[in-house]
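Novice: The primary structure of each chain is shown beneath.
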Amino acid sequence: MSLTNPHSSSSAPSSARVQGMKRSVQAAFDDPSDRGLGSGYQSKVRVVDRYKVIGFISSGTYGRVYKAVGRQGQPGEFAIKKFKPDKEGEQIQYTGISQSAVREMALCSELANLNVIRLVEIILEDKCIFMVFEYAEHDLLQIIHHHTQNPRCPIPATMVKSIMFQLLNGCQYLHANWVLHRDLKPANIMVTSAGQVKIGDLGLARLFHKPLHSLYGGDKVVVTIWYRAPELLLGSRHYTPAIDMWAVGCIFAELLSLRPIFKGEEAKMDSKKTVPFQRNQMQKIVDIMGMPTKERWPYLTSMHEYSSLGMLQTPMMHHHSHQHHHGSSKSSASTSHLEEWYYRTIGTHSGSSTSSPAHGNPNNNNNNNLASLGAEGYKLLAGLLEYDPEKRLTAQQALQHPFFSTGDKVSNNCFEGLKTTYPQRRVSQDDNDIRTSSLPGTKRSGLPDDSLARPAKRVKEA
Amino acid sequence: MAASFWESTQRRYWMFSKEELAQMREKLCDEDPKLVQSYPLPDWKYLYIYFNQQIARLGKRLSVRQQVIATAQLYIKRFYCKVEIRRTNPYLVITTALYLACKMEESPQHIRLVATEARSLWPDFLSLDTSRLGECEFFLISEMNSQLIIHQPYRTLATLQSDFYLTQDEINLSWSIINDHYVTDLPLLYPPHIVALTAILLSLVLRPNSMTGASAANNIAAAGAALAQAQVGRGGMAGGGTGASSGQTTPGAPGTTDKDKQQEARFGKVQRFAAFVAESQVDIEAMVDCTQEMISFYEVHEQYNDKATRDQINRFIKARGLDKA
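Respectively, the protein sequence lines represent chains A and B.
1 is the number of the first residue of the first sequence in full-length UniProt numbering; add one for each residue after it.
1 is the number of the first residue of the second sequence in full-length UniProt numbering; add one for each residue after it.
Among the hints, a few may not be true.
Said to hold, decoys possible - Calculated lysine-lysine pairs in the DSS-like style (CA-CA distance at most 25 Å, straight line):
(1) K44/A x K27/B
(2) K82/B x K45/B
(3) K307/B x K45/B
(4) K324/B x K44/A
(5) K379/A x K263/A
(6) K82/B x K44/A
(7) K419/A x K409/A
(8) K324/B x K82/B
(9) K82/B x K318/B
No wet-lab data here; the hints were simulated from the structure.
On a predicted model such as this, the values are computed, not experimentally measured, just so you know.
Chain A with its partners taken away, still in its complex shape (with noise of 0.2 Å):
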C-alpha cells in the first residue's frame, strides 16, 4: 500500500489488515480484487502518480491545499485539496465523509462553467481525499491586499466591471442550478493569470431545491460574518439565494473600497451553544444602510431576531468628516447613507488623508478612476445591498443591471489593457509531501499580512 513512502500514516497495520490476516489464506490468494474484504479499498489511480506537488498553497480546518503538475502529461497547474481525515496524529480511520465533504465532491462534479472553479477529478486513497481542482494564480482578498499596498490605489475601473460581471455570472450559474454557495467572500474568490473570474470553495455550497428539512436544520451558521446577510443575522430560518447577493454586494464595495463595508465583530457561540444575536455586525450594517424597516422589508417584524433590533444604536456614519451636517434634523434613523459612502469612496479614494480627490490615482489614467462608475455603479450596489431579501437583485437581473451596458465594455479578463501585475500566488515549500497527515496550521501561506486576518469561516454541522 505505501511501502514507498515510510512516512506514510497508512503504512501502520491496520485493524482491517489484521482482520484481513484472519481469513483465508487461500481465499486470499484467488481473489485479490474481493473488495469489501481484508485486502481493503485500493484506489486504481494514485495521487502521486499523477501529480507532482510543487508547494503548499493554504490550509483550513477542512485541510490543506497543494499546488501541483501533473505527471502523466496533463497540461496546466492544479490547486489539490486535501482534506483532513478525522483523528489527527492518531492511527487513521475511515470514519465516514463529512457532509459538507460529500457535497462539495458531488456539486463540484456536476457543475461546469467558467465562472465556476473547475474540478478536474477527485482521488480517494489512502483513507484521504484528495480534490484536484485548476490552478488559479490570484484570488481577490490577494488582489485588493495588493492595491493597499504602497501606494495605496484604487482597482481600475474596467477591472472591477469585469469582476463584478464574471462573479454575478458564476453565481447566476450556481443559483439557475439551485446551488447557494453560503460562503462568498473574497478568497473564494479566484482570479486566473488570464483574468478569468473562478468561483471558488463550494465547501458550503448546497442545494435548495426543496430540501427534505429546513435549510436552517442542517448548519445554523453560515457566510463569513463580514459577508453575512441581515436575514441571517436576525436568525431567518428559510434562506434563499439572496443571501449570496447580500455576499456578492458587499465583494463590491470592498473592491471599491478596499476594505470591508461592514467589518463587525464576531460574537461567539456561549456554552449553551445557542446561536448569539450578531449585534456589532448588524450595527455596522445599520450604520450605512439604516435602520431596516418594515415599510422597506415587510417580513421584517417576522424575523427571530426582530426585537434584538432594538438594542441597536441609531445609525450614524463614523467618517462623518465628509459628512454633510446640515440633514442630520431631517433624516431619521432608516435613511440608508450608501449613497454618500458610495460617492465618497470612488470621489478620493487615493487615501483618507488626502484631500485631492481623483487625482492620487496612480494609474494615470483618467477614464479608468473609480469615478467612471457612475451613478449606475451606485444603483447596482444598492440593488444588491437591499434589506429586503425579496426586492434584493438576482443574479440574472444585477447582469443585465445598466451598470455593465453603460460606459466601458465589459471584458472577460479582468487584466484587459492593464499594466499592473500582481504577485503570484505565494506557494511555500514546507511541506510538500502531501501523502504526510502532519498537523496543519492554520495560517495561510499566500499573504504575509496578519493585520488583514479574516475571521474564521463559521461552520457549524448539526
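Given chain A, work out where chain B should sit, using these hints.
Specialist: Quick look at chain B alone, frame taken from chain A:
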C-alpha cells in the same frame, strides 16, 4: 449541472440502453467465470427485489424518507454495474449506500447508528466496525466517480399532479409506482420524467389494488391504448392547441351515479393526459417500454422466491468470507 437533468452526470454517464446494460453485466461475469459458476445467483430482477426489501427494513429502522431510499437504490444499481456482486458483501453495500444517500439527501445519520442498526438486522453478515462502512463508502464513491446527485421522478410528479387534476389516490398510486420502479432497471434506462409520466398514466388506467395477476394484461392494454392515441394525436394535430382543453371534462351532470362520475372523470383525465403527451416532445416509445417493464415487474414479483434468493446470496458471502471484517 445539478438542476438540469439534461446537463447532469446522471444523463451523461449513468443512462444506458438495455444492450449496454447487458454487456456491462456480461463483462463482469466474464472476468471470472469460475467465480460466477461456483455461486449461481438468481436474475438481477430478483436480486433487486431482495435488496429492496432489505434496504426498506434498514430505512425503517433509521426512519429515513422514501427519497433517501430511492437514491440509495440507484447507488447500489450503479455500483453493481461496475463491480461483480460476488466480490462484495451486499449487506455492507446496502448499508453504505443508505448511509451515503442520507448525507446526499440532506438528512444525515451518524455512522455509528447506521452500523448498529444494520448489524442488528444482519448480525451474521456485518461487524459493528464503522471503519468497514467508511471504507465501503470510499469504494462506492470511487466507482460512481463522485457523481452522487440523483434526479428523481418524484419532483416531476409533484410538478405535474395539478396539471392533470390527480386525486390524492392517484397521486399516491403514482408515488408507489415510482417507488417500485427503483426495484427495476428503469432508473438506469430512462430519464425521471418518462418514469413519472408513466407512473401517472398507470395511476389513471389502473384501479388501486389491481396491479397483480391477470388484470395486469388488461391494464397494460389500457395504458397502451392511451399512448397509441397520443402517438396518433401527435401526427394529427400539428400545432394544435385544443387537445388539452378538450380532454378535460367537467364532472358529470346531476343524476348520474358516483361511479359514473368517477369513470367519466377518469376517462377525461386519460384523454387530457394523452393530449398532453401528444403535444409535448415526450418520447412515447420510451413510455410504452416503461409501461411494459412496470407491468412485467408486477408479474415477476409474484414468482419471486425470497428464501431461495436469500440463501444464494448468503451462501457466497459465507463461503468467500466476505462477512469477515
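Novice: Each hint should be assessed against the structure and marked as holding or not.
Specialist: We went through each hint and held it up to the structure:
1. K44/A x K27/B: holds, 19 Å
2. K82/B x K45/B: holds, 17 Å
3. K307/B x K45/B: Judged against 25 Å, a Cα distance of about 15 Å means the pair holds.
4. K324/B x K44/A: Cα-Cα ~23 Å, so holds.
5. K379/A x K263/A: holds, 22 Å
6. K82/B x K44/A: holds, 13 Å
7. K419/A x K409/A: Distance ~18 Å between K419/A and K409/A Cα, so the pair holds.
8. K324/B x K82/B: holds, 23 Å
9. K82/B x K318/B: OK: K82/B and K318/B at ~22 Å, within 25 Å.
In summary, the structure agrees with every hint in the numbered list given earlier.
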